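Chemist: Sequence:
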Amino acid sequence: MASAPRIRRHGRYEGAMQSPLHTARRIVLKIGSALLVNEDGQPARAWLASLADDVAEARKAGQRVVIVSSGAIALGRRVLGLSKSARLEEKQAAAAAGQARLMGAYEEAFARHGIPVAQALLTPDDTERRRRWLNARATLTTLLDLGAVPIINENDTVATVEIRYGDNDRLAARAAQMISADALILFSDIDGLYEADPRRRPDAAFIPEVSAITPAIEAMAGDAGALGSGGMRTKIDAARIATRAGCAVAITKGAEAHPLQRLRDGARATWFLPSASPRAAYKAWIAGHLAAQGVLVVDAGAAAALRAGKSLLPAGVTEVRGRFEKGDAVRILGPDGAELARGLARYDGADAERIKGLKKRGDCRCFRLCGGRFFGARR
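Straight run, no breaks: the sequence shown in this note's numbering ends on number 1007.
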């Protein structure tokens, strides 16, 4: 009888860890080509139907789900008669041919539950340029509010070798960061991270929990799978992006039916744990990583409201300085010139200048301060 695999944990560990999936409010699922496309080039409809069942149950529990999906190129290759070694422009053509079939498979799977799906094609610019990031975030949030399941994929038809992600693991991490997800699930052909490739070394130790991505963890990365373009290294890269945004990340095997429910029931997985919540990470990002593009000076009443954690209203703004766009970081100064906080502007500088000091009934929030977190002096 084969001996049980060794287990080694990297980072903090106290008894049996509760899965972050149970407490997550927003979940991103990354699904690769090998899971979605059968060997004959057809969609894996039975598996996809089981995933739809799992997502429907998660929604009943109050969880919101976004799916980052590969598969368009693999489906399009069969339609166009292309080989796996196709040139870039042929892969882009395959993506164009396969996208409709991919979305058709998702629509069929989720229609049984009366759940609408919506396609969202992203490029690296959409997740790295601030204005486009805000627009994409707003669209995804609105889709979730309307009860849809967004299906995200890289826009392969316009990507180039130089700028494309090359795999959807990192795209999934950026999507998780974008919507402030609590958990990112990377379904794979392996049940988690091992100290070495268990297909080559059966005695390799399994690692169920990682609290810090160290060079030793990075050294454990393996090769890419046959259908997909992302191996363990890209998954670790994705985990680094997502955990810095306050999102827990699981790598788990997804080939069997009902993969999300299996994970909820305790299926083996490696969890990469964040050091802070998505909200705290978002606040820290505003405070330390965004250069302020403008300044708002507020009166004493607004300063007191900010200290109480409230949003800034136009009535409390006495002066607008600098040129900034909607979504840019701005500094908030009190009447004495001391910095009270930093936040993201909901209006550009010209509009802020026009509405400063105005008192209006109803919801007239001018600037979102992310829960009123303060950086700098308190008065």
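Since the hints were made in silico from the structure, they are not lab data. Each hint should be verified, as a subset may be incorrect.
Straight-line alpha carbon distances no greater than 20 angstroms define the calculated SDA-like cross-link-like pairs of lysine to any residue that follow [unchecked claim]: (1) K688 / K712; (2) K987 / S903; (3) K984 / R949; (4) K938 / V923; (5) K712 / A724; (6) K938 / D927; (7) K954 / Y975; (8) K688 / L649; (9) K688 / Q670; (10) K987 / G929; (11) K938 / R974; (12) K954 / T767; (13) K987 / P942; (14) K688 / A739; (15) K881 / A686; (16) K712 / G859; (17) K984 / R907; (18) K938 / P963.
Distance windows between CB atoms, simulated [to be verified]: (19) G937 / P843: 24 to 32 angstroms; (20) E953 / D825: 42 to 50 angstroms; (21) E735 / E884: 19 to 27 angstroms; (22) R982 / L716: 29 to 37 angstroms; (23) G950 / E685: 44 to 52 angstroms; (24) A849 / V707: 52 to 60 angstroms; (25) E884 / R949: 39 to 47 angstroms.
All of these numbers come straight from a predicted model, not from anything done at the bench. Heads up, the beta-carbon is just placed ideally off N, CA and C, and yes, glycines get one too.
Chemist: Now tell me, hint by hint, if it's right for this structure.
Modeler: Okay, the hints, checked on the actual structure:
1. Taking the CA atoms of K688 and K712, the gap is near 40 angstroms; set against the 20 angstroms cutoff, the hint is violated.
2. Of the pairs offered as hints, the one joining K987 and S903 is violated, with about 41 angstroms between alpha carbons and a cut-off of 20 angstroms exceeded.
3. As the CA atoms of K984 and R949 are separated by approximately 12 angstroms, the hinted pair is consistent with the 20 angstroms bound.
4. As the CA atoms of K938 and V923 are separated by approximately 18 angstroms, the hinted pair is consistent with the 20 angstroms bound.
5. At roughly 16 angstroms between alpha-carbon atoms, K712 and A724 fall within 20 angstroms of each other, so this suggested pair holds.
6. Under the criterion of a C-alpha separation no larger than 20 angstroms, the hint pairing K938 with D927 is consistent with the structure, at around 14 angstroms.
7. Distance restraint check for K954 and Y975: the Cα-Cα separation of roughly 5 angstroms lies within the 20 angstroms cut-off, and the hinted pair is therefore satisfied.
8. At most 20 angstroms may separate the alpha-carbon atoms for a hinted pair to count; K688 and L649 meet this at roughly 14 angstroms.
9. Distance hint between K688 and Q670 is unfulfilled; the C-alpha atoms sit about 30 angstroms from each other, more than 20 angstroms.
10. Using a Cα cut-off of 20 angstroms, the hinted pair K987 and G929 holds, with the two alpha carbons roughly 13 angstroms apart.
11. Between K938 and R974 the alpha-carbon distance is near 15 angstroms, which keeps this suggested pair within the 20 angstroms criterion.
12. Straight-line distance between C-alpha atoms of K954 and T767 comes to about 16 angstroms, which keeps the hinted pair within the 20 angstroms bound.
13. At roughly 7 angstroms between alpha-carbon atoms, K987 and P942 fall within 20 angstroms of each other, so this suggested pair holds.
14. A distance of roughly 16 angstroms separates the Cα atoms of K688 and A739; the hinted pair therefore holds under the 20 angstroms criterion.
15. For the hint pairing K881 with A686, the CA-to-CA distance comes to about 19 angstroms; that is within 20 angstroms, so the pair holds.
16. For the hint pairing K712 with G859, the CA-to-CA distance comes to about 17 angstroms; that is within 20 angstroms, so the pair holds.
17. The straight-line distance between the Cα atoms of K984 and R907 is roughly 28 angstroms, outside the 20 angstroms bound, and the hint therefore fails.
18. With a CA separation close to 18 angstroms, the supplied pair K938 and P963 stays within the 20 angstroms bound.
19. The given range of 24 to 32 angstroms is broken by G937 and P843, whose C-beta atoms sit roughly 40 angstroms from each other.
20. Between E953 and D825, the C-beta spacing of about 47 angstroms keeps the proposed range 42 to 50 angstroms intact.
21. Taking 19 to 27 angstroms as the suggested C-beta distance range, the pair E735 and E884 conforms, at roughly 23 angstroms.
22. Between R982 and L716 the beta carbons are some 48 angstroms apart, a value that contradicts the proposed interval 29 to 37 angstroms.
23. Between G950 and E685 the C-beta distance comes to about 49 angstroms, which sits within the given range of 44 to 52 angstroms.
24. For the hinted restraint 52 to 60 angstroms between A849 and V707, the CB-CB distance of approximately 33 angstroms leaves it violated.
25. For the pair E884 and R949, the supplied restraint of 39 to 47 angstroms is violated, since their beta-carbon distance comes to about 58 angstroms.
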